[in-house]
Each structure stands twice: as structure tokens, then as C-alpha cells.
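S.K.: Could you build the full structure based on these sequences and the hints that come with them?
One-letter residues, chain by chain:
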Amino acid sequence: MEKVKLTIDNKTIEVPKGTTIAKAAKMLGIEVPLLCHMELHDLGIENKPAGCRICVVEVEGRRNLAPSCVTTCEEGMVVRTHTTRVLNARRTVMEFILSDHPKDCLICPKSGNCELQDMAIRLGIREIPGQEIAEMSTYRKDTSPSIIRDLDKCIMCRRCEMMCNEVQTVGALSAINRGFMAVVAPAFEQNLEHSPCTYCGQCVAVCPTGALTEVNHTPEVLRALADPSKVVVVQTAPAVRVALGEEFGLKPGTIVTGKMVSALRALGFDYVFDTDFAADLTIMEEGTELLDRLTRYLKGDASAKLPILTSCCPGWVNFFEYYYPDLKDVPSTAKSPQQMFGAIAKTYFADKIGVDRKNLVVVSVMPCLAKKYECQRSEFSTDGNPDVDYSISTRELAAFIRQANIDFNNLPDDEFDLPLGESTGAGVIFGTTGGVIEAAVRTAYELYTGKKLGRIDFTELRGFEGVRSATVDFGDLKLNIGIAHGLGNARKLLDEVRSGKSKFHAIEIMACPGGCIGGGGQPLHHGNSEILKARAAAIYQEDRNKPLRKSHENPVIIKLYEEFLGKPNSDKAHKLLHTHYFERKKKIIVKP
Amino acid sequence: MEEYQMQILVCGATNCRNNHSSDIVDNLKLELEAFALDKKVKVVKTSCFGLCGHGPVVKILPDGTVYTGVTVEDISDIINEHILKGRKVEKLLYRDPVTGKTLTDENQLSVLKKQLRIVLRNCGIIDPENIEDAISRGAYLALGKVLTEMQPDEVIKIIKDSGLRGRGGGGFPTGVKWEIARKNASDEKYVVCNADEGDPGAFMDRSVLEGDPHAVLEAMAICGYCIGASKGLVYIRAEYPLAVKRLKIAIEQAREYGLLGKDIMGTGFDFDIEIRYGAGAFVCGEETALIHSMEGLRGEPTVKPPYPAQSGFRGKPTNVNNVETFACVAPIILKGAEWFSSIGTAKSKGTKVFALAGKINNVGLIEVPMGTTLREVIFEIGGGIRGGKKFKAVQTGGPSGGCLTEKHLDIPIDFDNLTAAGSMMGSGGMIVMDEDDCMVAVAKFYLDFTVEESCGKCAPCRIGNKRLHELLEHICKGHGTRADLDRLRNMSVVIKDTALCGLGQTSPNPVLSTLDNFFDEYLAHVEDKKCPAGKCRDLMQYVIIKENCVGCTACARVCPVNAISGERKEPHYINPAICIKCGACMEKCKFDAIVIR
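Top line first, the protein sequences correspond to chains R and S. If you read the first sequence in my numbering, its first letter stands for residue 1, the second for the next number, and so on. If you read the second sequence in my numbering, its first letter stands for residue 1, the second for the next number, and so on.
Don't read these hints as lab results, they were simulated from the structure. You may find that some hints are simply not true.
[What the hints assert, rightly or not] Each pair of labels, with its calculated beta carbon distance range:
hint, chain 1, residue 1, chain 2, residue 2, range
1, R, N177, S, D538, 46 to 52 Å
2, R, T138, S, E154, 56 to 62 Å
3, S, R314, R, E379, 41 to 47 Å
4, R, G76, S, A420, 24 to 30 Å
5, R, K492, S, R314, 18 to 24 Å
Backbone N, C-alpha and C fix where the C-beta goes; we use that ideal spot for every residue, glycine too.
M.R.: Given below as C-alpha cells:
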């Protein structure tokens with residue numbers, strides 16, 4: 001591989017040809033400030049419009065300053081990263097950016113977690129000249145079921161646009177207008193909820209400022225907790241327990257399940273349950289559905305549609321309802337764990353404790369923003385009473401814990417309540433890409449072959465490549481499995497399904513790169529994919545820590561079927577735990 | 001075969017057309033028919049002659065008489081006197097604004113004398129909608145020569161040796177650009193003609209496209225042959241409907257004649273051209289933004305490198321050249337690199353087309369050899385300052401350029417000289433300013449434009465230009481301070497140094513060059529709160545001259561804000577604190593008692 005030698009701030013280094021100045025500088029321990037640039041190395045995602053011009057450096061022989069995030073190193077280059085010319089330019093550009101930004105830090109939801117704020121602190125900005133005459137570029141606020149767009153705070157870093165178009169291929173966002181009033185918005189300046197937006201929240205996950213944030217449902221949860229007539233129940237998704245600690249300064253990948261349960265109890269929830277329980281339930285229903293379709297298909301039944309697609313991810317469901325409505329019958333009809341939990345909680349559990357479902361409030365803590373939209377879908381309620389009342393994100397939970405004066409790091413470990421807090425390792429691994437299908441395989445194998453699993457860890461299904469495939473040996477059947485995370489990758493597999501060329505029997509799809517651990521509601525990673533890797537590793541560690549690792553061995557699940565549901569896909573199970581999909585193509589409403 | 005004895009050329013370009021030159025053409029034809037002369041005298045509607053301030057322009061061949069300001073009523077004189085009796089119509093002859101003398105021979109016109117029309121060689125002479133006119137003047141001879149007698153490397157060498165540099169503003173050596181595109185191996189390559197011409201007031205490219213489109217098409221084909229492309233794209237701004245029409249006709253006719261399309265002239269070389277439209281964005285004149293616009297993406301520039309010659313349209317090697325650059329190619333091939341490089345200065349060869357505008361007598365299009373001085377252009381060719389006012393500055397290079405002053409007048413015009421003087425050649429816009437122009441307002445005027453046209457991608461241009469503009473407005477309103485001038489300079493320098501593309505990298509030039517050359521004017525605005533040129537309304541006062549005022553109260557009655565007070569038959573007074581400077585009083589006063597100071 002060709003190498004080039006260059007000098008940065010009087011230090012010499014040799015780097016592979018094609019390395020950018022910023023990366024080469026980092027290798028020398030020189031941290032050139034980067035603002036719009038963002039790279040999730042392990043996911044192959046990079047945003048590099050070179051538009052903020054904060055990372056500019058002096059390159060000898062070049063007329064003007066060079067953006068170090070995209071300028072590649074050349075042999076013999078001499079670079080200076082902090083001459084007075086550079087410092088003055090950087091400061092002046094920062095002053096420009098701040099001059100067109102609301103001075104709302106004290107009340108902004110991103111305060112303390114904002115990359116622009118960090119940069120202003122780092123560059124030591126003490127004044128913004130010209131404020132008396134400065135016009136501000138402004139745009140109307142856009143609130144959707146999950147995401148709030150406050151574009152006055154947008155710095156045109158284009159990360160959201162990149163994620164939505166190139167990674168997710170949803171295409172809900174694009175830069176519009178020109179110059180000072182340029183902004184990122186849906187086509188024809190629609191509101192987000194009239195666009196193809198799936199609420200996957202990846203835009204929120206990468207936004208450096210308070211321009212994109214989630215709708216905050218904590219006030220509703222607080223009201224419910226304060227209402228003495230309500231029994232408030234909480235369920236927590238697997239991906240939350242490996243990331244929540246980051247909000248309190250713990251290392252990424254620290255498993256804080258016990259502390260999380262303690263905190264929830266301290267917050268006042270009457271029952272602290274686990275979404276992982278419902279994940280086990282999902283496996284029972286979906287695994288059975290997979291086997292049913294598989295056996296019918298193998299017998300030559302033309303009505304059995306393969307591949308079967310997982311359907312626990314609402315961002316993904318929105319995506320195929322919009323872009324692939326012709327494939328509506330292909331995904332599993334099983335609801336997501338969040339919704340299955342709600343359905344069971346408000347029937348089975350409500351009966352058990354003698355509470356009317358209208359007085360039972362189900363709250364979910366999710367790494368996801370699409371869940372906020374999902375629980376509001378009209379098909380997930382009975383007589384107007386939703387199965388899941390509110391969904392709050394990991395970030396909202398952390399803020400809630402802080403507001404309640406709880407010292408998270410010093411909490412003792414506590415355990416989930418029964419019955420709906422019992423789960424197996426298969427339920428935990430739902431939190432990362434490859435986990436749902438691995439959980440399904442663990443159960444499907446034993447149900448299909450009637451034999452006990454030799455090994456429980458199907459490592460061939462794990463990893464971060466966007467599209468993966470593996471074949472699992474079921475004896476007389478080789479099960480072809482496809483896995484995609486990130487909607488752009490999902491699209492690739494779906495196009496194959498649509499054209500009839502798919503060779504998979506089952507496909508797992510997660511809308512967020514990395515799976516739920518990288519969800520739109522998780523603590524912000526600010527472009528560090530090591531954090532995502534650590535969370536994924538923690539998920540598999542938590543799985544290994546559990547005594548039971550196959551969904552069908554969960555004793556509460558077994559009892560639930562015995563006492564209440566009968567068997568997987570029974571009429572009752574079908575009514576409570578299955579759903580159907582809609583065509584979601586929207587008409588464009590252009591205001592005259 | 002028609003044998004014409006005389007030809008009447010009528011300028012059909014925009015300015016003359018707006019003054020009914022089409023009617024002149026039609027009526028001339030009718031009259032000639034009435035006189036049974038239509039087989040002996042041909043009426044040709046051509047394109048721009050370059051005398052835009054004196055249109056409609058009519059030229060009689062073969063004697064070369066130029067008539068200006070012609071109207072439909074003059075037609076019978078032209079026919080009766082000139083055509084039938086060979087007597088020139090005195091009242092229509094071009095009158096030299098400097099000497100006052102009428103000139104009969106176009107070669108005597110000082111406006112035309114120093115010009116050397118290479119790019120505009122056929123403009124004003126041929127009917128641009130008839131390919132045979134162009135062919136009779138040599139169009140496609142160069143392409144034929146190249147395809148049948150020369151290898152691509154030979155042709156590129158000639159272009160390199162000629163010293164031709166890009167005429168769009170960048171001034172990059174054209175031959176070198178073609179060579180790089182040639183060297184980058186690819187299955188597909190593209191030739192792109194940048195016909196976006198966004199500089200306000202510039203119409204050099206439009207004139208070539210309207211007047212001699214084959215010059216561009218032929219050169220694109222030659223370029224395609226050199227670099228290995230079989231597809232050409234002309235990106236033309238949608239605001240040029242006539243040029244688009246002429247291009248379409250030219251492309252169709254060239255295809256009919258086997259000069260474009262498959263197997264050109266039977267040599268096996270394929271090259272065809274498509275037209276793509278701009279959508280009203282100045283920034284799409286920047287080559288990467290242009291390419292992205294053609295790809296259907298948002299018209300925003302992207303970082304260079306990679307340069308288009310390496311990775312351009314659809315990621316393939318693409319050569320982008322300006323209209324004028326292409327128009328130079330065929331003559332270079334036919335007359336040789338030595339001929340071209342004998343014209344001009346050491347580092348800037350050939351001629352340059354300028355759109356002369358502003359406070360000058362002969363506004364219009366001119367083409368002069370590089371090295372002609374600004375003084376020659378403004379005072380000889382341009383005919384000097386209108387109304388006998390004093391020259392103050394000349395702005396070259398459009399919104400990307402700077403203002404040059406009295407002390408720069410003897411600079412030989414070329415790429416490097418103008419840049420060294422603090423301006424730039426740009427695409428050829430040249431706006432002349434006189435004592436009544438305020439240089440601070442001029443800087444603001446250019447920022448008005450660039451603020452609107454910034455694409456919005458990079459922070460320094462998107463926000464910085466806006467802040468520059470705000471501050472200039474602030475100063476022109478009389479609220480500026482001395483410290484603001486330092487801020488202006490710092491912001492300008494940083495925007496230039498950090499912007500992503502040529503738009504932002506040059507938009508502060510008008511500010512910097514006026515700060516450098518007219519600092520005293522800025523000082524007057526911020527320290528004295530006065531505008532020396534009398535242009536900035538907010539710094540001017542409407543004043544009643546007591547000696548002239550008879551107290552008729554007409555002004556007071558028409559004042560919309562009751563700012564004028566005074567008794568009948570007594571001198572009146574305008575209260576500057578209330579006055580909104582609408583000018584109604586001045587218009588009403590019959591005694592010249594109201595002035596602006």
C-alpha cells in the first residue's frame with residue numbers, strides 16, 4: 001500500500017495514501033476540531049460535506065485554508081493546525097455559526113449534550129459581534145408523534161439528511177431553499193408526519209444540536225405516577241440496560257439492569273416488568289409462525305409465503321408500509337414485544353390484580369423513538385384505551401431519574417417483578433442486530449427437530465456488516481437466514497423479495513444501524529462506533545449471564561399459555577398478539 | 001442560385017429586438033419587394049453587433065456603412081437614398097461621442113477600431129439559424145481537419161501551445177485541462193459547456209450562443225475527440241430562451257449535415273450533444289455544482305479534489321469549459337497556435353470579450369486583444385464617461401471581482417495583472433462608475449446578489465456573507481462605526497480564506513477592493529455620517545435653499561409626513577428628523593429651491 005510522508009505542526013508522520021489530514025493529525029495526537037464531520041467507522045457511515053469549515057488548517061503552498069476532514073495527505077505536505085491565521089479563521093467562522101443560533105442554552109433540551117455548545121466552549125468564544133443587527137434564519141417548528149424539528153437551531157451539518165437518504169434510504173429529508181434560509185426539511189416543506197418518515201430517529205441520534213429532539217412524554221408519565229387511582233406498570237427494552245449507565249458517566253457497555261430496576265422502583269412505578277419477557281413471547285408466536293409457513297411451504301402449499309420477515313421494529317414496519325405495501329403479507333403478523341406486553345398486561349395481568357384496564361397505565365422505556373408512534377397506532381388499543389400508554393426513551397428515563405434526585409451510580413441492584421419480569425437470554429439479545437433471529441432459531445430448532453440444541457450461541461448470525469446471511473442446519477432442512485440493519489440494507493433484501501429472487505427463508509430486519517442498541521432514543525454516541533460495539537457486546541454478555549437462554553423454557557411463558565392463551569397462534573393469541581399492516585403511502589399536501 | 005448585390009444586416013439581438021428590429025427586418029423586406037429588389041438585396045437578421053447603446057443597428061454591405069438608432073420610419077430613407085442612389089443617410093450615421101463626428105466606415109469607428117473579433121467572428125454577420133451561413137464562414141473546417149488529419153495528442157498540443165486559458169473566470173490553461181481528462185482512463189467521458197453565465201449584466205456567452213452557436217458545438221466535438229468522449233452537454237441557464245432556441249436549431253441542423261451524431265463526416269467518430277437547463281441559480285455556474293445539477297441533485301458545489309477531469313458527471317472524467325473558451329478553439333486549429341499566442345500578453349494569450357456597461361457612452365459587447373489597457377477600453381472603445389462626468393472606478397469580474405481606479409487605468413488587461421491589482425478578469429463583465437457612484441453602496445450592491453445566490457452549504461458563505469451585507473447596510477444607513485470597518489475587513493478575509501467554492505471565495509472581493517481603494521469614503525460614512533457621492537439616501541438630507549424659496553407651500557402640501565414648515569411667502573424648512581426622503585417635495589418645487597446634500 002502506498003504511503004506518504006508529511007509534517008503536521010512540525011511533527012512528521014507516514015500514512016497510507018488517501019488518509020485525510022484530520023486522521024493523520026489524530027495519529028500524532030493532534031485533535032483538529034470537527035463539527036459537521038461524523039463517522040461511524042464500524043458501520044461504514046460517514047458524513048463529510050466539509051461545510052462547517054471549523055476543521056480548516058493551513059497547508060503550505062495552498063492559497064486558502066484546507067478542510068482537514070476531507071483533504072488527503074500528499075507527500076511532503078506541510079500542515080499547520082493552529083497558526084494565528086487558522087485560529088482567527090476558526091473563531092470567526094464559529095462566531096458566524098453562533099450569530100445565527102438561538103441563545104437558548106439554559107433551556108435547550110440538548111444543553112450539556114450539544115456538540116455546538118462543546119465547540120463554543122472549546123474555542124473559547126466570549127462574544128458574538130454584530131448581534132444588534134443580526135438577522136436570524138428561522139423556520140417553523142415541526143412536531144410529529146416522535147420527533148421535534150426546531151430548525152432555528154440547525155447548523156446545516158447535513159448529518160440527518162445523510163442518514164435519512166444514504167443510510168436509511170427513506171428520503172424524508174433534503175436541503176431546501178438557498179443561502180441564508182437554507183434548511184433541511186421534507187419535500188414541499190411538508191411536516192414530518194406527512195413525509196415518508198419512519199420515525200426511526202436516526203436523524204435525532206446524529207444531530208449535533210437541539211434542532212432534532214424527541215417528543216418528551218415524561219410529563220404524562222409523571223402525571224400517571226401521581227394519580228392515586230392508577231396502577232402504573234413499566235416495561236424496559238433489552239437495549240436500555242446496556243446503555244442507560246452512559247448517561248451517568250459509566251463506561252459504554254456497562255450492564256446496569258439491577259440499578260435500572262431500583263431506579264424505576266424509586267420513581268414510583270407499581271410494577272417493574274421487563275420487555276424481554278414479551279420478547280420471549282414474540283419468539284413463541286413468531287417462531288411458530290415461521291415453522292408453520294416453512295412446513296406448509298415445503299409441502300408445496302402455494303399460500304405459504306416465504307421468506308418470513310421479523311416485524312418487531314416499528315420503524316421498519318413504517319418503512320415497508322410506505323415503500324413495499326405490495327409485500328404487506330410477507331412479514332410476520334406477530335406484534336412487537338412492546339405491544340405484546342401491553343396486550344397481555346391489560347388483559348391477563350390486569351385480571352390477575354383485579355384492576356380495570358382503564359386504570360392500568362403501561363409505560364415502556366425504549367431505545368427507540370418509533371415506539372412513541374407505535375403505541376399510538378389505533379389498532380393497538382381496545383375501546384380507545386391503548387395497550388401501551390406511553391413510551392419514553394433511554395434519554396428521557398435518565399433525565400427523569402436525575403430530576404427525582406436519585407443517585408443512580410450508588411443504587412443497589414434490584415430484580416424485576418413477577419410475572420411479567422421473567423425472561424430468558426433469548427429475550428435479551430433482541431436488542432442487537434442478529435439477536436431476534438438468533439432467539440427465533442434457538443426455539444425453532446428445538447421445536448422443529450425435537451432435539452436439544454447442541455450450542456446456544458449462533459455466532460454466525462452476529463456482527464455489524466449491514467447485510468449478513470447464514471445457513472443454520474436443522475437436520476433435513478438448511479434454514480437460510482438473511483439479516484439487515486439500517487433501512488438502506490433492508491431495502492436491498494426487500495428488492496430481492498419483491499423480484500422473487502430472495503433465497504432466504506427468514507429475514508431479520510432492524511431499522512437502526514447496529515440494531516436497537518443504536519436506536520434513536522439511546523444516549524448519543526456523537527459518532528463513536530466503539531460505543532455501539534460495547535453495547536452489543538454487553539447484550540451478549542447479559543445473555544450468557546442468564547440461567548435460561550431459550551424463550552420456550554421461560555416458565556412464566558409456559559404458564560401464560562397454559563392458563564390464558566392456550567397455544568401459540570390460538571384464536572386468543574392471534575387476537576391479542578398479532579396484527580396486520582396498512583398501506584401508508586401518503587398524499588402530498590401542498591399548501592397553496 | 002441567388003446573386004445578391006447588397007446585403008442589409010439588421011441586428012436581431014435582445015436590445016435591438018426590444019427596439020423593434022424585427023419590424024425593421026419585416027418592413028425592409030416588404031419595401032424591397034415593392035421595389036422588385038428582393039432578389040438583388042438580401043436582408044439578414046443577425047446577432048449582436050456590439051453597439052448595444054446605439055441600437056437598433058443596421059449595416060449595409062459591401063460598403064460597410066453602419067446606421068444606428070434606426071426606426072421603422074427610416075426604412076424608406078435607407079432604401080430610397082442608400083440602396084437606390086448610393087447616398088448615405090447622414091442622420092442615421094454613428095456619431096462618435098468623443099469627437100462628435102459622424103463616421104461612415106465601420107473601420108473608422110473607434111468603438112470597433114481596436115477590437116479584434118475572434119470569438120465574435122461571425123456575430124452580427126451570419127444568420128445564426130442557418131448553418132450554411134456558418135459553414136460559408138468556415139464552421140466545421142477545423143473539426144474536419146482534426147478528425148481526418150490529426151491525432152488527439154497533436155490537437156491538445158496545439159491548444160496548449162496557443163496559451164488559451166479558460167474564459168469563464170478561472171483562467172486555467174485549457175490544453176492542460178483537456179490533457180488531464182484525456183489521461184484519466186474511463187469507459188465514458190463527457191464534454192460539458194458551461195453556459196450558465198450568471199454574472200449580472202454579463203452577456204458575452206449569450207451573444208455567442210445566439211449569434212454563432214456552431215462555434216461552440218464544433219469545439220465541443222473537437223474536445224470530445226481529444227479526450228475520448230462521445231457525449232457533450234450544454235448546461236444553459238433557462239433565462240436565455242433565444243440562445244436555447246438557436247442552440248436547438250443549430251444542433252438539429254448539424255445532425256442533418258452529418259456534423260454531429262454518429263460517424264461524423266464518415267470518420268467513425270461519434271459525438272452528440274444534449275442541452276440541460278439551469279433553474280435560476282448563480283452557484284450552478286460553479287463546475288461541480290453544475291455537474292450535480294445535471295445529475296438531478298441539489299445544485300451545490302462539492303470539495304475539489306476530485307476535479308471533474310478526474311471524476312465529474314456521473315463520476316466519469318468530464319471536461320468543463322466556458323462558451324467563450326470553446327469559441328476560441330476552431331480558429332486556433334485553423335490558424336495555428338503561433339498565431340493565437342502572438343496576440344495578447346506573455347501569460348494571457350488571445351482576445352477577451354467584455355460586456356461594457358455602466359456610466360459609459362458605448363455600452364455593449366467588445367472583444368479586444370489581451371493587453372489592451374483599461375484606459376483604451378473605457379475612453380476610446382467605450383467612448384468615455386457619459387454626460388461628461390468624471391471617471392471613478394471600473395468593476396471587473398462581476399460579483400467576484402474588485403474595483404479598479406484612476407491609478408490602474410494603464411494596466412494592460414490580462415488575468416494576472418487584474419488579479420495583482422486586487423480584482424480579477426472574471427467572465428468579462430466591466431462596469432464603469434463615475435463620481436456619482438458611492439463605492440460603499442457598490443460593495444453592498446454586489447453583496448445583495450451573492451447573499452441571495454449562496455447555496456447555503458458552508459457556514460462562512462451562508463452566514464458570513466449575510467453578516468457582511470448587514471454591516472454594509474448598517475453603514476449605509478449611517479449607524480456604522482470605525483470599528484465596523486475592521487470587522488468588515490476581518491470577515492471578508494476569513495470568508496475568502498475558508499469558503500468551500502469560488503462563490504464564497506470571491507464574494508468579499510468588492511468589499512476588500514473598495515476598502516483598499518476608497519477607504520476615505522467608508523470613513524466618511526462612519527465618522528462623518530456622510531455619503532460623498534450623494535448616493536446613500538439615509539445619509540443625505542433634503543434641504544431648502546432659502547434664497548430660492550418663494551414660500552409657495554407646494555412642497556409642504558405634498559409632504560406625506562408633514563416635515564416641512566413655514567409661513568406663506570417665507571422660506572420654508574424641512575425637518576430632517578421627520579423627513580423620510582421620499583423626494584416628493586423636490587419633484588413639486590418649481591423654483592429649484594430643494595437640493596439633496
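S.K.: So, for every hint listed, does it hold in this structure?
M.R.: Outcome of the hint check:
1. Between R/N177 and S/D538 the beta carbons are some 30 Å apart, a value that contradicts the proposed interval 46 to 52 Å.
2. As the Cβ distance of R/T138 to S/E154 is approximately 59 Å, the hint placing it in 56 to 62 Å holds.
3. At about 45 Å, the beta-carbon gap between S/R314 and R/E379 stays in the expected band of 41 to 47 Å.
4. Judged by the Cβ atoms, the range 24 to 30 Å given for R/G76 and S/A420 holds: they are separated by roughly 28 Å.
5. As the Cβ distance of R/K492 to S/R314 is approximately 21 Å, the hint placing it in 18 to 24 Å holds.
Taken one by one, the earlier hints fail for this structure only at number 1.
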